[in-house]
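Going down the list, the sequences are from chains A and B. Here the first sequence is numbered in this note's numbering, starting from 1 and rising by one per residue. Here the second sequence is numbered in this note's numbering, starting from 1001 and rising by one per residue.
For the record, the hints were derived by calculation from the structure and aren't laboratory data. Among the hints, a few may not be true.
As the list claims (entries may be wrong) - Below, a list of computed lysine to aspartate or glutamate pairs in the DMTMM-like style, where the Cα atoms sit at most 20 Å apart:
#	chain 1	residue 1	chain 2	residue 2
1	B	K1150	B	E1162
2	B	K1128	A	E49
3	B	K1172	A	D35
4	B	K1128	A	D126
Unchecked claim - Ranges between beta-carbon positions, derived for each pair:
#	chain 1	residue 1	chain 2	residue 2	range
5	B	F1053	A	G46	20 to 30 Å
6	A	P82	B	R1010	31 to 41 Å
7	B	S1136	A	R76	44 to 54 Å
8	A	P140	B	E1078	39 to 49 Å
9	B	F1053	A	D104	34 to 44 Å
10	A	D104	B	K1076	17 to 27 Å
11	A	E49	B	Y1138	37 to 47 Å
12	B	E1064	A	D104	35 to 45 Å
13	A	V33	B	A1060	33 to 43 Å
14	B	N1032	A	D97	31 to 41 Å
Ideal Cβ positions, reconstructed from N, Cα and C, are used throughout, including at glycine.
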Amino acid sequence: MSFATILGGLRDNEVRFVVVGGLAGIAHGSRRVTDDVDICYDLSGGNTERLAALLSKWNAYPRGIEPDLPFFMDARQFKVTPIMTLTTSEGFIDVLDVVKGVGDYTDCRRRSVEIQAFDISFRVLDLPALIEAKRSTGRPKDIDQLPELEALVALRSGPE
Amino acid sequence: MIRHIYAVTRSQFAIAVMAPEKWVENAARLLNRKFRYTREESVWLGLVRELNFEAGLPLARAAEVADEALGLVDEKGEVVVGRKEGSSAAIVIDMPRFRSSHGAALSSALTLGGTRRRGRPRVRARRKGAVLDNASRYGVDLDLLREGLKLTVAERMQRADENAAFVRAMRKPK
């Protein structure tokens, strides 16, 4: 159970995704602690089916609701609820078809950078896009992160 | 952390119902209902929405059929509802599939919904120094950020993984 196994699993199963949310912030230098992986996934070319199969293998279940309710992890479920917050055998994962303020997978990919970690390479949302996403949600939890993310932009832009 | 208390906001309620907020408002008005945004109401209205939106039933009829479906003692499989006397037509609802969708939507509503600030925070072009001053005033430890930026991305991600493992261990019931 770790970010490494989640991200490695996604890569091994050829799921197309961009890491968004807190973990993307950490990749850019944020000191916040997060325990979930947020991804924006591609809806095309059988990607949803591959993602659903992987999440099913990991016994994905909606996070924060009572256990033992009927739950189907398949492509049909993704059609009805394309955004899901899940707990799995590998950890928490939030899957999104669209990121507020940024757009769908194509937009996220266009505004992402490739990074190397856990012996694999994958894409994470770039810092300006991440700031726009956080600002767009309007949730206090996300708004609270803006000063840190904006400071990271400033610190990374060269000598102070 | 497991949360089984479902006191939700209007926007969370709409996410759980799998409908836009405007649709929820209109449905409340047309059905002459005042919602308290409870879990049970989100199940009911979610099914009404599905019957209205997917099966094309008029809202009032969808509400009747939802009442009937949710009132059945055994909803573990497909339920047949909405049969009128003398009619050969009825509606089949795959209740486990509906419960599955609703559970996922409710989970998203609880995790991602939350309260929102009025409007978006204003974006102002600011000098770099002003941005850093603002962050510092807000409680961001700039020295810590500078230290973090000296690490490679891989090192930062590794540290994040270790921190997450610690959080998970703390959460585990003893």
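Hints and how they fare:
| no. | hint | verdict |
| --- | --- | --- |
| 1 | B:K1150 / B:E1162 | holds (18 Å) |
| 2 | B:K1128 / A:E49 | violated (45 Å) |
| 3 | B:K1172 / A:D35 | holds (13 Å) |
| 4 | B:K1128 / A:D126 | holds (19 Å) |
| 5 | B:F1053 / A:G46: 20 to 30 Å | holds (27 Å) |
| 6 | A:P82 / B:R1010: 31 to 41 Å | violated (21 Å) |
| 7 | B:S1136 / A:R76: 44 to 54 Å | holds (50 Å) |
| 8 | A:P140 / B:E1078: 39 to 49 Å | holds (42 Å) |
| 9 | B:F1053 / A:D104: 34 to 44 Å | violated (22 Å) |
| 10 | A:D104 / B:K1076: 17 to 27 Å | violated (36 Å) |
| 11 | A:E49 / B:Y1138: 37 to 47 Å | holds (43 Å) |
| 12 | B:E1064 / A:D104: 35 to 45 Å | holds (38 Å) |
| 13 | A:V33 / B:A1060: 33 to 43 Å | violated (49 Å) |
| 14 | B:N1032 / A:D97: 31 to 41 Å | holds (35 Å) |
Checked against the numbered hints above, the structure violates hints 2, 6, 9, 10, 13; every other hint is satisfied.
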